[in-house]
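Take these sequences, add in the hints, and give me the full structure.
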Amino acid sequence: MTTTTAEHRYEALPGLMELMSGDEKHGPAATSTLDALWVLYDRVLRVGPDRTGDPGRDRFLLSKGHGPMAYYAVLAAKGFVPVDWLPGFGSYDSPLGHHPDRVLVPGAEIGSGSLGHGLPIAVGTALGLRAQGLDDPQVWVLVGDAELDEGSNHEAIAYAGPAGLDRLHTVVIDNSSASYARPGGIAARFEAAGWSAETVDGRDHEALYAAFTAPHPGRPRVIVAQVEPKDD
Amino acid sequence: MDTMRDRFAPVVSRLLDEDPRVAVVLAEIGLAGFEDARRRHPDRVINVGIREQLLVGAGAGLALTGLRPVVHTFASFLVERPFEQLKLDLGHQDVGAVLVSASASFDWPAGGYTHMSPGDVALLDTLDGWTVHVPGHPDEAETLLRHAVAAGDDKVYVRLSTQSNSQALPVDGARFRTVREGRAGVVVAVGPMLDPVLEATEGLDVTVLYATTVRPFDATALRHATEGAGTDVVLVEPYLAGTSVSAVNDALVDLPHRVLGLGVGRRELRRYGLVEEHVAAHGLDAQSLRERIDGFLGVRAHA
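Order-wise, the sequence lines are chains A and B. Counted from 1, the first sequence has number 69 at position 69 by the working numbering; the numbering is strictly sequential. Counted from 1, the second sequence has number 41 at position 41 by the working numbering; the numbering is strictly sequential.
A few of these clues could be false.
Unchecked claim - Have a look at the derived ranges for each label pair, beta carbon to beta carbon:
hint, chain 1, residue 1, chain 2, residue 2, range
1, B, E199, A, A192, 57 to 65 Å
2, B, D19, A, G48, 25 to 33 Å
3, A, G90, B, T126, 23 to 31 Å
Read the hints as simulated data drawn from the structure, not as lab findings. Computed from a predicted structure; not experimentally measured. Where is the CB? At the ideal position from N, CA and C, for every residue including glycine.
Spelled out as structure tokens, the structure:
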């Protein structure tokens, strides 16, 4: 495996994840966030390892910090993180923990792990960019369906809609892991707060791309990416 | 006399004019004072509604983009309710903010325990890297607010109170100030506790230090004071009793010493009423302080 920052293709991701897990059967299906992350980093986000400090970059905030192997694999594939960091995953000397730390991981915009922190921080990030006249950069945050149990998300959702924060995008990875799923579905929760919402197949790269790039003037946008139900 | 909080919006409004990095984040409370500033700086005066987790999280997001957020509400809803946001969204994300609280200990006794947060400074002591200013007069509050905003990307807590000393003293945002010198003990008066401490120690042969910046704790000033006044130390703090006892112990770690920590009691009084009544109930009026300081220092302190 190379240790340079050369870009890898989607097909390389299982191999990169295998470096962390040591599990040779670890295909893309084993991780709910992989496809959404890949489409974002490959085709949507205007970010790169050469511009992690650029005020004009898009911001991607991984709020669902649990199970970050897919995230690290994508960051490695895109050259943010050296591939030779991956085998140390979770060890004392590794910058790559079981929850990411922005201070340690190049390209990670936030540290996460405790659920329900990313969306409020993303709201502030969107407000901060606006206050500085940085009209171009978009703000993305990825949450899990069960993460939406946390009330802090609802403070952010209920504020961002009426505030018209149209540069804010939330990707909800829905693997049906919430014990008490929201009656009426996740998208309806956001729509009720004034968001633009779409629910798509979270494994279909073209559907994800279309949903990620659809216009939503004056409103924040949520994309609910449905994947196979969590099997434990 | 106006209150510290009366100074907050005018001072920070001027800072909004002067420094494009400054942004104010509110959760309804205190919004009226920023009406003019909000017209001038609509994108830097932000009201998130009654949402205190978002209040701190959004403040952290602003800081991540390079701004200097000033976050304000009552201490109960600024420090206690969103405490994990202070720990993670500021501390763990490695970004700074200025938190400005009001009504921390018992500024509004008729409001009851839901609006009291005497443990605010003790809670911040469980976290790394916080500067804590406790002004004792509106003029000092103004100076310390400016210090706080100007402190780079530091995490700074400014504790505003309706309790106030009659006279302002010069404050530098870092050091304790020697107000009186004696030989039989050191009394550290924090913020608005100075007037009652001066009255309580009238005629006692003690050194009185005045502390308006309590974190970092000015160990150098305390050690210096103990050289002439000995190592019996009394802390009089307007928040939870004993909050700074460990800071005193750390400062005097290599010296035999005694320390008495006075402040707001832990027991919930379940009383409404007036500030003066709560001051007395917690033994922080001049007469009660005199008795407790006398009891601790003994007759040696009588000049």
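Q.
I want to verify a distance hint. Is the separation of the beta carbons of D19/B and G48/A within 25 to 33 Å?
A. 31 Å, holds
**Q.** Consistency of beta-carbon spacing, T126/B to G90/A, with hint 23 to 31 Å
**A.** 26 Å, holds
Q) Does the Cβ pair E199/B, A192/A satisfy 57 to 65 Å? A) 59 Å, holds
Violation of the numbered hints given earlier is absent; every hint is satisfied by the structure.
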